[in-house]
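Work from the hints to combine the two standalone chains into their complex.
Chains A and B supply the protein sequences, listed in that same order. Residues 3 to 315 (this note's numbering) are what the first sequence spells out, left to right. Residues 8 to 535 (this note's numbering) are what the second sequence spells out, left to right.
Please note: incorrect hints may appear among the correct ones.
Claimed, not checked - Think about it this way: if two alpha-carbon atoms lie no more than 27 Å apart in a straight line, the pair counts; the simulated BS3-like pairs of lysine-lysine are:
1. K86/A x K216/B
2. K207/B x K87/A
3. K87/A x K189/B
4. K458/B x K56/A
5. K76/B x K110/B
6. K87/A x K202/B
7. K122/B x K56/A
FYI, nobody ran anything at the bench for these hints, they're computed from the structure.
Residues per chain, in single letters:
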Amino acid sequence: MLDFIVRRLIAIVPVLTVVAVFVFLMLRLTPGDPAAVIAGDNATSDQIDDIRAKLGLNEPLWTQFAIWISSILQGDFGESYFFKKTVAELIAQRVEPTLALATCTLIFAVSVSVPVGVLAAYRQGSMFDRVVMGFSVLGFSVPGFVIGYCLIYVFAIELGWLPVQGYTRIGVNFWGFLERMVLPSLTLSVGFIALISRITRASVLEVLNEDYIRTARAKGLSNRVVLMRHALRNAAVPILTVIGLGIAILIGGAVITESVFGLPGLGRLTVEAVLSRDFPTIQTVILMFSVVYVVINLLIDISYTLFDPRIRY
Amino acid sequence: MFVFRKSFATLAAAASAVGLLGAVPAGAQTVSVVMHSDLKILDPIWTTAYIVRNHGYLVWDTLFAMDDKLEVKPQMVDKYDVSVDKLTYTFTLRDGLEWHDGKPVTAEDCIASIKRWGAKDSMGQLLLTRVAEFTKVNDKTFAMKLKEPYGLVLQSLGKPSSNVPFMMPARVAATDPNTQIKAEDVIGSGPFIFKRDEWKPGEKTVYVKNPKYKPRSEPVSGMAGGKVVKVDRIEWKVLGDHQTAVNALLNAEIDMIESPPHDLLPVLAKDKNVKLFNYNPLGLQYTFRFNVLHKPFDNPKIRQAVLYAFNQKDFLDATIGDPKWYKECKAMFVCGTPLETVKGWEDKLSSNFEKSKALLKEAGYDGTPVVLMQSTDLASLTNLAPVAKNLMEKGGFKVDMQAMDWQTLVSRRTKKDPPDKGGWNAFLTAWVAADILNPVMAGFFNAGCDKAMFGWPCDEQIQKLRDQYASETDPAKQKGFAEAVQVRVTEYPTHIHLGQWYQPFALRTSLDGAVQAPVPVFWNMTKK
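Here chain B stands alone, though its shape is the one from the complex (with noise of 0.2 Å):
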């Protein structure tokens, strides 16, 4: 038996002694990585898809980047002065800077990445509107000019989640934003290249290191400090069944899986040539979305009901399950973050049944059925809606739950129409901490009516308080708005968090160094 593979791998080792393996050195450090997706877009600032952003840190760099203790460094930038009058950020690049093309890098490039990236993203967008202009002071360096004080101008630049405002050379960012580049533009840059002509979607995406790229010289912190490569060439591999990914780790055909389920993760604990990392010591955060366009979420009161019917420990059994890769959390901008508290919810969430059904006595609710969508094909998320249904139904409430795949849900979330005529009242996901740092980085804080997220909250209060976040620029006094955001929130609910949970890396005891970070990074990482 055992001369029967013996006998493949000898031929398979002759076969690629006369060449015959195709164009991969010998003697290459190659990472083998399932991911939690295909990477079908290249573009990082055309979609908000994690699979581009991750895609993106490889290719791409930053001017500024966030560190362990989410304090914004420089990354590109080498050193940056702001005005007295706070008005005039003056930003000079470091020396040496090149993309994959050995063009070097310049402030023009800078200028268009930003432009574009600021059409797209929200934060971007925000930053734009404050902008009065932007100049080339040489070819290293740019200025740019705002029209009043704005306090998250390093924040926004440094934002380390999607649209991540990554810098490419100015015939690419002149791109329309509402166009994905080509994947003859995919230069960045970044530590590693993309290879293009080895980009099989469906199959695998190669990244080789950049040999030209100068990491900074501190030692490597968060998304910030130096990303110093290690290895020759990044494969990610498409698996999409989770077992096919989980028995191939353990057959030591791949170095890593980026996600694995928490079901499985007792099957890999045990095997000794396998350990789990916890890259993202924020984790995520279960998150409940409110419609408010529509009976009976039109309603805050009603929906203050829900937070008081809720708790979050049931949740996070159903989907989590071991204690060790969750916890619970009410701080609405994540615990440990320097704007974490649990301000005005310190009697939610515990599951008071009798103060839900009292409140909706008195919100006079009608029996209205929630129209409440769970999505059942990701298994992270499968779980969440029948909890929610459970408790809400304990708490007075009566739910129509509707089973659909997530893509069904992610469209039919969009529709303001009444739930009776294929709109919905409620839906659960999953927010990367990373996305929701502050009142203002989080999407489902926008309470601008027409303009804010799916669920189109309309509060005049959460929004001015999230301008004056904005606009501040003592972080002290800035933890005083994003406080104050988090206890309106409990008087007009948006959206309820449901729990903080920890998605580890799988990987073979051969791989090192690797990152702890709000997004998978492969600097640092080696591999025995």
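Excised from the complex, chain A in its bound form (with noise of 0.2 Å):
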């Protein structure tokens, strides 16, 4: 196990240096500049060079690039071009919304589809299926912006249950936070309860159908019992490996829902540099989400070792 895990994290690197190359040369191949953008539309072009130059853009291309790694494999992730702040420290202040944005959503979602998906497959054919799935094809049709609309207008605007936007710390006020993080989470859970929902559904159904189900019904298991403890179980492996793969999802989502509900987290940040041309805080974003999307999806495949004892390192 320990030998898989060392494997599997020297095989960040590579993928981490391709995501590098990748987002340093795709943001230097885009138009756009951010000493323009620093400068302000009344500035002149003189203004504008003065301010490339301070920045370093005037360097060429691999200089710029091997300035950056270098910086970066010292810890020193850069100051961004607009916030007189290291890169760090902005993704440090606005770390806290996106987690606890994406472990709202993560609990919501697992809680809903997984109990949904298994009853659905249990009831195969029923009307709570059919409703599961017609839902589950709608949650994946409408986007997220849409979808947190109308939940602004209906629990905001119309009924005024919660609050339209904004982010309370969770060390500041625990139900301020927990009543800004519904509408959010929510929007952002339809999509991943549609997947979720969706992949167990067809899952348990294999495993329904197995001999040891059929076995274990004759021994005069419960229902109950049979689902949770034989079917679910040895599902389990497929609905993790989506629940891993969703965090992609669940990133790129958190842009859109961060932006609709006014949340100060990493998503809105990404979108905010990307307008503005910050480089060391779209390089350092990008990286550490791929950090993040790797090292997720490693604990996933070391988890498959808990529900399928078949599988070892």
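Below you can see the structure in the form of structure tokens.
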């Protein structure tokens, strides 16, 4: 197992190298000049040139890349072109809302979608099953921002139950935190619930046709025990895989959800950085997302061993 | 359902009671505002961005300011004196002016601040080229000696928009003008104090009332007069999405939106708890900018054809929509100002396509397509380029409209390369009226070739007239030169104004006392 983990961790290095080169080149090849953005609309060409020189943007590309990579290797992620802050500071400031949104979404989505998927499989062909499948198609098809605006209209504007926007830090006011997390998590969960419930249903259905399930039933075990102990556990590996892959959906969804609900998280930081061509911030945030994605999927791979004893690394 | 909401409110109140909600004092009057952009840069001399200028007005003060009649009045200055030969200006500061760190504002601070501003701002640069020397007379008084009489001394020091000559402590003003000042150096003598510890880019920026600020005794008037602060705290919240900001205002989660998009104004107008307030009666002007370096716009006659092909109403209808929020105005120095005139433009901007085609024929237009840059991500600009394309095509041009985001456009417009190698021929933007009040202040009139703004017009006559305007101290004669500049621009077009429009604040009715001024300001505001 340790050998497997070490190998996987080493494999992160080429992944991150490719991501780093790709992100760096993409940003430089995309039109847009951070110096022009910084200088403002009324700036003259000379003012823009001065700023460009100050930021080192006149250096050859390979020099800029070498400087960036060597800084990262020394643990220095650089300074944002706009804020007089290091990128590490900026990320530290913005990580909590995104982490909170992702956690709430994941908890909510998994706790709804897995039981629903199992039940739909158990009642295959029933009205409940059809409703779940219908919902999952809808969940995939409707864009997150549409769901977000609909929820805001109903629950914030019309009913006045919940706030439209904003974020309260969990350490400052727990209830305020919860109040502001309900709608964004719900919005982001919809697609996730659709995906997991569908996969859960398919996996459980497959397992329910296995001989050992028939044996378990013949032994007189209750439906609950059959479903939870035998069917779900054996169907867990594909479900976990989908949850792992779904982290990418979560990251992409966070960008939109944070914008719709005014959450000051990493998703919005990414959008702002892209729009203002804040190269150091974009590069670091994307590298960080890549690390998170790889590490979470490594953890998911490791967790397979808990559900399926046949899997050994 | 109601109970659910109430229970959250009760719990929140309970949490607040045990001190969990943070450090905002109980009963503090807080005005929560969504501005047009996030505040990322703190130095209003380093950038010309409007959000930084607005931040500057909260923190720093100015020696002079423009009132609602566009006259320049003393602000930090108590009295000033101009020598008979008009070469020496002596300024004496008001009593009791203090920086936020408690130190007194001195003449040295002001001299250093003018020098730093003058190194960056175009009007400041012109002023400093005419200054022979600054002299400190005493702690509160300094003199500025000119090499020759200059008609824009007070207009420069009372310039309302970017870059504004804000006064900073000398040690801060000593910062290289091309280097941003540090966050800990955001120390002004203005009516609000910047809360560095609460500044969270992407989330909020906080200012608290400066208790030691001594406002002038005169009533507030434009940017001038008494800056009396009547609330304790201003919070600029960042909500990048317009619809979310509008929802938040309707739900009373914020008090004000600085720039609600025009398509959402009807939604806001319908709510009885929200009011729209046109804070800037001079508004903004849409502008079409030529690049004179390349074909076909290197030929002034071909540029003149565009003046005939365009009309303002089409542009304004496509972007603003409701005539309540726009005005057709051919005056290049803005309708409602002392320099307002339509001279030279009487027969233009009325979509005379035949005249446009005739001019193109006369000029020998060979069908070279006009590369027109369209910005697609700013609601107030997106629809301008398609209208321009349509009108130019009707007027006989071939147009290659290229869509891009605003930041790409901002970057591309600095390129002098030919259009087929990454350059451009034309783009559209908007100017705040406060930036274009005269031919020296308005950057697009600069026809100084390489030294001009992007587009790089090159015309000795315009430059001479601008110099004459700047050197003239008699306002009547100044107006004559401004008029001559405007006429000359119809012969050698540098840019075209496409109509005046207004951007109202959207405020909760609980907010009162918003000031009519060219820049959004927060003094005089009360909250019920």
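Taking the hints in turn, this is what the structure says about them:
1. Taken as a hint, the K86/A and K216/B pair is honoured in the structure, with Cα atoms around 24 Å apart against an allowance of 27 Å.
2. A distance of roughly 11 Å separates the Cα atoms of K207/B and K87/A; the hinted pair therefore holds under the 27 Å criterion.
3. Between the alpha carbons of K87/A and K189/B the distance comes to roughly 10 Å, so the proposed pair stays at or under 27 Å and holds.
4. Taken as a hint, the K458/B and K56/A pair is honoured in the structure, with Cα atoms around 20 Å apart against an allowance of 27 Å.
5. A distance of roughly 34 Å separates the Cα atoms of K76/B and K110/B; the hinted pair therefore is violated under the 27 Å criterion.
6. Restraint check: the Cα-Cα separation between K87/A and K202/B comes to about 16 Å, which is no more than 27 Å; the hinted pair holds.
7. Proposed proximity of K122/B and K56/A is supported: the alpha carbons are some 21 Å apart, at most 27 Å.
When held up to the earlier numbered hints, the structure conflicts with hint 5 and nothing else.
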